[in-house]
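Model the full structure from these sequences, guided by the hints.
As a plain string of letters, each chain reads:
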Amino acid sequence: MTSRAEYCVIACAEAWRDNGEVLASPMGLIPSFGARLAKRTFSPDLLLTDGEALLVGLDGEPEGWLPYRRHLTMVTGGRRHVMMGASQIDRHGNQNISCIGDWERPARQLLGVRGAPANTLNNPVSYWIPKHSARVFVERVDMVSGVGYDRAVGPYHRLPRVVSDLGVFDFETPDRTMRLASVHPGVTVDEVRAATGFALAGGDEVPSTREPTAEELRLIREVIDPKGLREREVPAR
Amino acid sequence: MTDKTMSPEDVVGRLRSGMTIGIGGWGSRRKPMALIRALLRSEITDLTVIAYGGPDVGVLAAAGRIRRLVAPFATLDSIPLEPHFRAARERGALELTELDEAMFMWGLHAAVNRLPFLPVRAGLGSDVMRVNPELRTVTSPYEDSEEFVAVPALRMDAALVHVNRADRLGNGQYLGPDPYFDDLFCEAADTAYVSCERIVDSFGPDVVPQTLLVSRHSVTGVVETPNGAHFTSCVPDYGRDEPFQKLYATTPWPEFAGRFLSGKGEDDYQAAVRTWHAERAEEAEHAAQAGTAAKAATAGNTEAQK
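Protein sequences, first through last, are from chains H and R. Heads up, the first sequence is in my numbering, so the first residue is 3 and it goes up one at a time. Heads up, the second sequence is in my numbering, so the first residue is 5 and it goes up one at a time.
Rather than coming from a laboratory, the hints here were simulated on the basis of the structure. Be a bit skeptical, because a hint or two may be false.
[Unchecked claim] Below, in silico cross-link-like pairs of lysine-lysine (DSSO-like), each with a Cα-Cα straight-line distance of 27 Å or less: (1) Lys8/R <-> Lys268/R; (2) Lys133/H <-> Lys229/H; (3) Lys268/R <-> Lys133/H; (4) Lys250/R <-> Lys268/R; (5) Lys268/R <-> Lys229/H; (6) Lys41/H <-> Lys229/H.
[Claimed, not checked] Chain R stretches covered by chain H per the calculated footprint, using a threshold of three residues with CB under 8 Å from any CB of chain H: (7) 77-89; (8) 101-107; (9) 157-166; (10) 183-192.
A quick note: this is a predicted structure, and the numbers were derived from the prediction, not measured. The C-beta atom is built at its ideal place from N, Cα and C for all residues, glycine as well.
Shown next as structure tokens:
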């Protein structure tokens with residue numbers, strides 16, 4: 003029986019399919035497992051980091067130097083696909099990690115915009131949201147950190163996908179608004195719509211997130227996450 | 005050749021209220037905390053602070069020394085949100101220039117290269133433009149005609165950085181995996197002060213040239229402050245003091261400052277930290293002994309052990 007967390011790993015891994023020789027920059031546990039799964043299977047050319055200043059292979063052996071200043075260059079050079087988090091995200095893909103409430107005097111100060119503005123204008127940016135709710139999927143974000151399709155400028159803006167614990171979303175609509183692309187098995191379309199603070203594009207006939215292969219399940223369970231940390235980030239329900 | 009060694013107090017003696025101060029490191033990594041602590045012992049206030057923010061920003065904000073912060077974030081890394089920066093923002097206690105982290109880097113580069121700005125493909129479309137209405141744009145003069153943000157130079161009166169080794173002339177060496185932007189901070193400032201774990205007479209014939217990050221022409225003073233980045237990391241000399249960082253993040257500021265920052269100098273701080281760790285180790289030992297005793301007392305009574 004495939005767990006919800008395992009569908010999430012698969013859905014995150016798919017973000018890096020056919021990306022070629024680019025840096026996979028996952029933020030958070032499940033996207034990290036997804037990136038490693040993608041590299042071990044259908045995207046072997048991906049580059050990975052140790053989370054500090056090294057490019058590393060699957061066995062952790064160093065293969066390159068990537069301190070912050072070079073990392074920032076990789077962002078603008080575009081040979082990178084990041085999967086970031088979002089405290090808020092709207093139908094156009096505008097994302098907020100800066101603060102909740104009025105920026106002048108926030109109700110809750112969060113991280114700050116970090117690299118979201120530069121990332122979203124320069125290299126593909128996907129998002130991972132472990133707890134799908136109407137508090138995260140909002141009508142309007144309080145502070146646009148990552149830029150969405152309605153505000154994008156320049157030639158390199160691209161938001162390939164959003165993955166949550168309920169499903170997979172993309173912007174493959176004529177007006178580039180968020181569409182429900184697949185639901186994870188065990189989740190209903192109504193459930194997703196009820197947990198989303200805006201009207202999602204897409205009809206009621208939504209496919210299921212694909213099943214992992216037997217080999218992918220083995221890699222997740224025995225090689226990539228033998229301690230089962232994924233089940234803590236997305237508990238069974 | 006000029007011997008530039010000085011004490012943390014000498015450094016602070018050259019700073020003034022109202023100055024613009026750049027602080028090296030990144031998040032909770034290789035921050036010049038001993039110099040920041042010396043600053044906290046002074047009356048200096050009304051600062052504009054430029055930093056990839058960590059607890060340096062947190063302690064200065066908690067102590068009410070920052071008028072304006074220029075930063076893309078403030079974080080403790082293993083604790084994502086800097087609690088004192090957060091509290092200061094939520095009570096409206098400081099002004100903020102919130103920039104993207106790449107914009108920030110190019111602002112440093114502009115300052116180092118004596119340029120008024122550098123163009124970046126970042127910020128446009130985001131609310132960075134809304135909350136920084138002074139930011140201007142430039143249009144490419146070439147055929148593409150693309151519009152960019154003109155990031156203003158982040159010029160500073162003084163920079164404070166911490167490295168692993170330095171010589172008396174002001175050459176600084178980092179031994180960890182990441183230089184962060186400390187060389188840029190030094191060159192972007194009118195004066196720069198480098199604290200280090202240990203002053204060396206020379207770097208020796210086996211030195212790896214790429215580790216010599218900071219050059220003496222950009223350095224005003226050198227300070228030897230062993231454990232001076234505590235509680236942030238200064239690898240490979242030491243990692244972050246996670247238990248202490250947790251204490252910092254969860255203790256009300258007056259209590260934390262009273263216990264650790266009210267001494268006359270850096271030595272008092274280091275002694276207070278050692279005492280805290282010793283007490284903690286002692287408590288852990290007592291708890292372990294008590295646990296063993298309790299286990300013995302309830303042997304055979306499985307309910308009591310649950």
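Hints, one by one, checked against the model:
1. Lys8/R <-> Lys268/R: holds, 23 Å
2. Lys133/H <-> Lys229/H: holds, 21 Å
3. Lys268/R <-> Lys133/H: Violated. Lys268/R to Lys133/H sits at ~48 Å, over the 27 Å cutoff.
4. Lys250/R <-> Lys268/R: At roughly 24 Å apart (the allowed maximum being 27 Å), Lys268/R and Lys250/R satisfy the hint.
5. Lys268/R <-> Lys229/H: Between Lys268/R and Lys229/H the Cα gap is close to 48 Å, so the pair fails against 27 Å, i.e. violated.
6. Lys41/H <-> Lys229/H: holds, 20 Å
7. 77-89: Per the Cβ count (6), the hint holds.
8. 101-107: The restraint on the region 101-107 of chain R holds, since 6 of its residues have a Cβ under 8 Å from chain H and three suffice.
9. 157-166: violated (count 0)
10. 183-192: Satisfied; 3 residues make the cut.
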